[in-house]
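Based on the hints, put chains B and C in the right spot on chain A.
Spelled out from the first residue to the last, the chains are:
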Amino acid sequence: MAAALLSIKNLNVIFSGARGEVHAVKGVSFSMGKEKIGIVGESGSGKTVTGRAILKLLPASAGICADAMDFNGQDLLHKSEKEMRSIRGRGIAMVMQDPRYSLNPVRTVGWQIAESYRAHRNVSGKEARRRTLEMLEAVRIRNPDQVYGLYPREVSGGMGQRIMIAMMLIPEPALLIADEPTSALDVTVQCQILEILDDLVTRRGMGLILISHDLELVSAFCDRVIVMYGGRIMEICDAKDLHESRHPYTRGLLNCLPKITGNPDPLPTLNRDDALLNAFFLG
Amino acid sequence: MIPERARPNKSALKSWLLSDAPASAFQARAGRIYSGCLDFSKNRSAVLGLSIILFLILIAILAPRIAPCDPLLTDLKNRLQPISPKHFFGTDELGRDIFSRIVFGSRLTLYVVGLVAVIAAPAGIVIGTISGYLGGAIDTLLMRITDIFLAFPKLILALALVAALGPGIENAVIAIAVTSWPAYARIARAETLTLRSCDFIHAIRLQGAGPFRIITGHIMPLCLSSLIVRVTLDMAGVILTAAGLGFLGLGAQPPSPEWGAMTSGGRAYILDYWWVITLPGSAIFVVSLAFNLLGDGLREVLDPRKGY
Amino acid sequence: MLTITRLDMVFGAGAAQSHAVNNVSFEIQKGTSFGLIGESGCGKSTVLNCITGLLTGWTGEIRIGGRAQQRKRDLSFYRAVQMVFQDPYGSLHPRHTIDRTLREPLAIHGLNDAVRRVEKTLDAVGLDSRFRFRYPHQLSGGQRQRAAIARALILEPEVILLDEPTSALDVSIQAEILNLLKRIQKERSLTYLLVSHDLAVVSHMCGVIAVMNQGAVVEELTPENLRQGDIRHPYIRELMAAGRNFR
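Protein chains in written order, with this note's numbering: chain A, 15 to 297; chain B, 116 to 423; chain C, 715 to 961.
Isolated chain A (complex conformation) (with noise of 0.2 Å):
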């Protein structure tokens, strides 16, 4: 691979609360170059506290130690919060799970876009509304005239996502990191947006990370896979080979999601042991 776009090395997430220490993410390790990635585990594995760790936008509490992260051949572990700000947007950009928060209310969602368009370039108040216009047909809304003017709360929830991408991908970021973008949406949406993502992703040459809990989902839309479980990575692998999986923790998910093409009755169940830990270690 050329010159990894981001590059982590030994990972460690450690948040200190009153109950004690939580080692949230344990010694991750990956690159990535201009690829669609894709992060899948469950709740807890330490899926979203990875992305988040990339960005440093992770509460105080939180100890974020590695070897390297390097984003493009800046280090970012060791760039002042001042610093980071202007890599948040810019350089890497981040879509949550549920728009709805991730909003001003009070704001139209049209003058939001272009805010964080004029954060990043210095251009005049009518340029960045030519391109908030541009950008919201870019993620297919129909009338963005007439979209650009609404609040928030008119907007449902598919459109609301479509306006956050619009509103991550304007500053035209080198790395998009779409953490459950689709988990809050109905299935024909879901396809409608991861559409549009990919489309985006692959014409601007970016690169993209999905934090997702949906195996499948995730193994159709990327390129590759890392699971996550308990903090570590259970394995890294091509997309296209996650269904022959030979990792038991990967197996095992597998195994579990109801097909309707027909089930075993009872479904197999997650067997949670220190096996699955020990097979990581081993192999």
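Treat the hints with caution; some may be incorrect.
[To be verified] Below are the SDA-like pairs computed for lysine to any residue, each with C-alpha atoms no more than 25 Å apart in a straight line: (1) A:254 to C:744; (2) C:900 to A:278; (3) C:744 to A:277.
Everything labelled a hint here was simulated from the structure, so no lab data went into it.
This is chains B and C only, laid out in the frame that chain A set:
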């Protein structure tokens, strides 16, 4: 906090309290209270507030032993004496020992605070939860009544009530309680409205529970924490209102050593004999502040959002 | 066991009127599972709320075990029909221990022998006695959903309404909960009405699946029909395609 000191075997008790698998409802509740105390004790200003209030209660209980003089004993020969070893806080215009009066005044303050809390908070929570849960015409009726009470400035309404009922500390308490329940009813109602659409309330309705059971067993306990916080924060205001009524001569009647009435009495001497008004005024200030600190601390511990 | 005939529910009036449930009829045999599937806003939750009596403005007929239900339900209704909610984090009272949550229905219905019943029910859903006096925040999502199922079971109902019982859970937990639901159905010959948006879950659980769209049931089919692609209505094809495309 208390059980930790009361029992000798600390670590066994601690692990019993913090157990993941409590063996009885009592243990579960004790554990919950204990972890609440742990959270609370981390908040320094809240602990300071609580200590001041506990200290005040102690003073009130032990007043006859602490006070060096009779708070009502006048001694015109020694009027307006400055601070001295004989009179820690000096004497007032009738030669009464200010320190003793403040010590005995703590009883009156606690009496007012306690009674107002006991009258206003339950009235507010009952009216608020019923109104919020049942909705409809009952809600409209109860809330309009609440609105009427809220439409008057608190002190003015209290003044009017005291004027009607006659001055005196009991009537002051009633006046303050009558003016403070509407705010609690509003809070309880707002909380009930959000709780009413929660799944766990739907769930208990689907078990066949009637409104009485749902309101008392399921909604009130959840409104309680925010109400306790609000009442605690309001206590500072209650003390000030009581002092204000006392200051205007409509609260506690002379010669009773009420702090507000004492500041009122010292008003004439403020320039030459500063202690006569400053010291009871400081007592009011310290106790109000303590209630505010405690309320803020309780808010963090009892935050209802934490439970979900 | 459960028969719905021409159920209609209209919200609002005038221009803001919306026909949330439009002429829905179906019948569920005793001891079987019936799936109701559709996207958010299709009216499937409204159907559930009409059955439970949480909504009262409906028209049509709801029969449970042959008895037509009135708008206002009596106590015996709640002994026959219980419900499991979608969100295990919101469906348990945050200040009540599991024990209290399970005793509450027993107290309402005046049933004695509470301790034995609570222990038996917890055992049936696979929670051992360690969990009995825990608060919900001391449980994981899967354990909470087990507790919620225990609450539904403790009155020994005949019908259980399942509102997306696993959509908030991880897939491995989902499998455990689905297995649990199937097992207790067999043991107690329960009748399930399962509402979900996940075709795979519904086809695993149910013998008959009704697909709802814009308030109406557009098609009733069996898992066999789904497997064979024997589907008439285009909306279901769209649903299935959406499921396959990026999945």
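Hinted pair residue 254 of chain A and residue 744 of chain C, Cα distance within 25 Å:
violated (44 Å)
Given the hint that residue 744 of chain C pairs with residue 277 of chain A, test it: the Cα-Cα distance must not exceed 25 Å.
holds (23 Å)
Does the alpha-carbon distance linking residue 900 of chain C and residue 278 of chain A stay inside the 25 Å limit?
Between residue 900 of chain C and residue 278 of chain A the Cα gap is close to 16 Å, so the pair holds against 25 Å.
Hint compliance for this structure: hint 1 is the single one not met.
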